[in-house]
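Asker: Read top to bottom, the protein sequences are chains G and P.
Numbering of the first sequence is given in my numbering, commencing with residue 1 and proceeding in unit increments.
Numbering of the second sequence is given in my numbering, commencing with residue 1 and proceeding in unit increments.
Hints are computed from structural coordinates only; laboratory data are not their basis.
Quantities reported herein were computed from a predicted structural model and do not represent experimental measurements.
Idealized CB from N, CA, C, for every residue including glycine.
Keep in mind that the hints are not guaranteed to be accurate.
[To be verified] Label pairs and their in silico Cβ distance ranges:
{"no.": "1", "chain 1": "P", "residue 1": "Val67", "chain 2": "G", "residue 2": "Pro92", "range": "52 to 62 Å"}
{"no.": "2", "chain 1": "P", "residue 1": "Thr76", "chain 2": "G", "residue 2": "Ala193", "range": "48 to 58 Å"}
{"no.": "3", "chain 1": "G", "residue 1": "Asn7", "chain 2": "P", "residue 2": "Thr76", "range": "32 to 42 Å"}
[Stated by the list, open to error] Residues from chain G that keep clear of chain P, each with C-beta distances beyond 12 Å, as calculated:
{"no.": "4", "residue": "Trp11"}
{"no.": "5", "residue": "Ile119"}
{"no.": "6", "residue": "Asn147"}
{"no.": "7", "residue": "Leu175"}
{"no.": "8", "residue": "Pro179"}
{"no.": "9", "residue": "Ala191"}
{"no.": "10", "residue": "Thr225"}
{"no.": "11", "residue": "Phe254"}
[To be verified] Partial chain G-side listing against chain P, Cβ under 7 Å, derived:
{"no.": "12", "residue": "Thr30"}
{"no.": "13", "residue": "Val32"}
{"no.": "14", "residue": "Asn33"}
{"no.": "15", "residue": "Phe47"}
{"no.": "16", "residue": "Thr50"}
{"no.": "17", "residue": "Tyr53"}
{"no.": "18", "residue": "Lys54"}
{"no.": "19", "residue": "Leu57"}
{"no.": "20", "residue": "Leu268"}
{"no.": "21", "residue": "His283"}
The primary structure of each chain is shown beneath.
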Amino acid sequence: MNKVQNNKAWWLVLPVFLLVAFSAVIPMMTVVNYSVQDIFDQSSRYFVGTDWYKQVLLDPRLHDSLLRQFIYSACVLLIEIPLGIAIALTMPTKGRWSSLVLIILAIPLLIPWNVVGTIWQIFGRADIGLLGSTLNAMGISYNYAANTMDAWVTVLVMDVWHWTSLVALLCYSGLRAIPDVYYQAARIDRASAWAVFRHIQLPKMKSVLLIAVMLRFMDSFMIYTEPFVLTGGGPGNATTFLSQTLTQMAVGQFDLGPAAAFSLVYFLIILLVSWLFYTAMTHSDANR
Amino acid sequence: MEWMAWTTPTALFFVAIGLLLAGMTTWELRSPSIPRRGLLPISTTRGDRLFIGLLGSAYLHLLVIGVTGWSIWVATALSLVWLLCVMRWG
Numbered sequence: 001m002n003k004v005q006n007n008k009a010w011w012l013v014l015p016v017f018l019l020v021a022f023s024a025v026i027p028m029m030t031v032v033n034y035s036v037q038d039i040f041d042q043s044s045r046y047f048v049g050t051d052w053y054k055q056v057l058l059d060p061r062l063h064d065s066l067l068r069q070f071i072y073s074a075c076v077l078l079i080e081i082p083l084g085i086a087i088a089l090t091m092p093t094k095g096r097w098s099s100l101v102l103i104i105l106a107i108p109l110l111i112p113w114n115v116v117g118t119i120w121q122i123f124g125r126a127d128i129g130l131l132g133s134t135l136n137a138m139g140i141s142y143n144y145a146a147n148t149m150d151a152w153v154t155v156l157v158m159d160v161w162h163w164t165s166l167v168a169l170l171c172y173s174g175l176r177a178i179p180d181v182y183y184q185a186a187r188i189d190r191a192s193a194w195a196v197f198r199h200i201q202l203p204k205m206k207s208v209l210l211i212a213v214m215l216r217f218m219d220s221f222m223i224y225t226e227p228f229v230l231t232g233g234g235p236g237n238a239t240t241f242l243s244q245t246l247t248q249m250a251v252g253q254f255d256l257g258p259a260a261a262f263s264l265v266y267f268l269i270i271l272l273v274s275w276l277f278y279t280a281m282t283h284s285d286a287n288r
Numbered sequence: 001m002e003w004m005a006w007t008t009p010t011a012l013f014f015v016a017i018g019l020l021l022a023g024m025t026t027w028e029l030r031s032p033s034i035p036r037r038g039l040l041p042i043s044t045t046r047g048d049r050l051f052i053g054l055l056g057s058a059y060l061h062l063l064v065i066g067v068t069g070w071s072i073w074v075a076t077a078l079s080l081v082w083l084l085c086v087m088r089w090g
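Just chain P, same shape as in the assembly (with noise of 0.2 Å):
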């Protein structure tokens, strides 16, 4: 594994991402996700949505550490508003 050059911070955003998937599995497998059409312009699963929302929150990162002088952390909480709003009325 030492090759592979971990930091603390990326393993936690790994096992994050992990944890999100192996939950929207278990979530998909107790209740299945209907397709519907929420505030975007398409009909998504809840899976789509969770797609939507994790790359918006990459963008939004490249936004903030790109355009303004912000703390990361303030792109993060945007992200996570963000990623509620799209899974909750997407």
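Chain G on its own, in the form it takes in the complex (with noise of 0.2 Å):
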């Protein structure tokens, strides 16, 4: 039997090929060229090739955020995966308090971004804040507007709040879609709550969880506006992550082409780090 090959349906994807060519490509391109440029206005502009890329590249403070950025990034994946596989496994199936734990874990993902800053900027408040007052009555001492660690936790435990529903509602749709037979066959072999987890569950949920891990991954790390409004970046530079140091440097000091130039480094590092993992995740069963 010939299969009809016909390609018309190629044209369906015009319309999307056109709006990322808008949102992203071209505005990619100018980012491009004004990298290579020292721009003063529209008129007076002056080609300096790869100077705003040795700077950007060389620059102590880029450095610092990069850390940080990494380090965050990495926590947030290393809590906010685990936590939202144990939450998915230990969801109700069936019955009405499947459907309330759904509404509940959906609630924080409606939530915008710098509400939930202001959210927790209020909460973690050691004079009016529900958990800064009574954690300083327990003899606790907290302000993560003066401490650095407490600045980290209070930024980190924000996200872990916000954003591990995803993971869990990724990871309990990958889990529905198991069929029973599975389990059935397991109880047959006996086989323990980790060697279902282990052998049935956790490869299911392996697209699911690629997903996930790539959301969060990109998401954490170009995150701006929650730590913004929580901590200003603060104390000091202490929560100053990449996507911050990157608004100073373009909107505060107007450097337009290093700031440029260092937007390129920073979607390469995405860039890089999203197909390594994306490469990992679906290379693994082929290379068994």
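Hints given; two lone chains; assemble the complex.
Answerer: Below, the structure is given as structure tokens:
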């Protein structure tokens, strides 16, 4: 039987293609153009070659925020992925409780970033905030505006509160898609709960976990609003991540050239790490 | 187009990328690529190898700019060799 080749459906991709071109490709080309010029205004701009790249790559302020960013994203993934899986495994599967749990889990995801930052900023305050004043009343010294460790813990807990639900819901959908026959077979073999998790649930969740890891990595690596609202990047520069450094450079100091060069380096890092994650997770079966 | 602040080198760069993508599309339509395993630890198609080659070239340029005082053309020459090696043996 000959399969009829019909590529007309490709035309349906055209609107997305145009949208991506206008929202991503053309602005990105502009950023590349900016990164090789010193721009004063529309009419006076000078070609400087790779000078901005050299300046950006040797800037200690950027090295520090890059290091902070990697530590932050690693912490986010190390906490949220196992916690999300654990929540998904304990979630009820039937009855009204399952709907209730799904709704409760979905609530943090519906709250805008700046509102999350404001909620935690007030929640953590030592004078009027429930968390801050309770901790201080218990004799635990806590002040996210002055203590670096407290600021880090608060920003991390805030992210965990905001986004673990996403991982849990993705894993839950993956778990629900496993046919019951797998569990029946495991019961016949008297497999332990760990064996069921390791050999049935985890492999079947792989594709949704891939999406969860990628989304959480990219999102946490580009985080801006929440720490900006909560700590303003402080105390000192302790919670100033890459996006905030970039914004200070581009909007605060209006250094468009270095900011453009830095944006491209930032983009390349995200591209490489996401590609590595994707390749490691999609090729792990093939290499076994 | 004035707002995009074009320069001749960046225009040439994007024309080269555009030609590369157009060429790869034509090649793919004429003779579809079959995934194979070469020197790289994963099996790749022709498009994968181009992506790896270009990404590696970008990092090679950053390395030369950031760590050495060499001319940018050295990085470009090394990248070209890297790209050809990945496409042929990767």
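Asker: Now look at each hint and say whether the structure bears it out.
Answerer: Hints versus structure:
1. At roughly 55 Å, the beta-carbon separation of P:Val67 and G:Pro92 lies within the given 52 to 62 Å, and the hint holds.
2. Taking 48 to 58 Å as the suggested C-beta distance range, the pair P:Thr76 and G:Ala193 conforms, at roughly 57 Å.
3. At about 36 Å, the CB distance of G:Asn7 to P:Thr76 agrees with the hint of 32 to 42 Å.
4. Its beta-carbon lying about 16 Å from the closest one in chain P, G:Trp11 satisfies the requirement of being farther than 12 Å from that chain.
5. Interface exclusion of G:Ile119 from chain P stands, the closest Cβ pair being 39 Å apart, more than 12 Å.
6. Non-interface call for G:Asn147 relative to chain P: holds, since the shortest CB-CB distance, roughly 34 Å, exceeds 12 Å.
7. Chain P leaves G:Leu175 outside its interface by the beta-carbon criterion, the shortest separation being 29 Å against a cut-off of 12 Å.
8. Every C-beta of chain P lies more than 12 Å from that of G:Pro179, the closest at about 29 Å, which supports listing it as non-interface.
9. Consistency note on G:Ala191: stated as away from chain P, and its beta-carbon is indeed over 12 Å from all of that chain's, at 32 Å minimum.
10. The Cβ of G:Thr225 sits about 27 Å from the closest Cβ of chain P, beyond the 12 Å cut-off, so the non-interface label holds.
11. With 12 Å as the threshold on Cβ separation, the claim that G:Phe254 sits away from chain P holds: the shortest Cβ distance comes to roughly 15 Å.
12. With 7 Å as the threshold, the beta carbon of G:Thr30 comes within range of chain P, its nearest partner Cβ sitting at about 5 Å, so the hint holds.
13. Using the Cβ-Cβ criterion of 7 Å, the hint placing G:Val32 at the interface with chain P is satisfied: the shortest such distance is roughly 5 Å.
14. Among the interface hints, the one on G:Asn33 holds; its C-beta lies about 5 Å from the nearest C-beta in chain P, closer than the 7 Å criterion.
15. With its C-beta approaching chain P no nearer than about 6 Å, G:Phe47 sits inside the 7 Å limit, and its interface hint holds.
16. The criterion of a C-beta within 7 Å of any C-beta in chain P is met by G:Thr50, whose closest approach is roughly 5 Å, and the hint holds.
17. Among the interface hints, the one on G:Tyr53 holds; its C-beta lies about 5 Å from the nearest C-beta in chain P, closer than the 7 Å criterion.
18. Taken as an interface hint, G:Lys54 checks out: its beta carbon lies about 5 Å from the nearest beta carbon of chain P, inside 7 Å.
19. Taken as an interface hint, G:Leu57 checks out: its beta carbon lies about 3 Å from the nearest beta carbon of chain P, inside 7 Å.
20. Interface hint status for G:Leu268: upheld, as the beta-carbon distance to the closest one in chain P is roughly 6 Å, under 7 Å.
21. Because the closest C-beta pair between G:His283 and chain P is about 5 Å apart, less than 7 Å, the hint holds.
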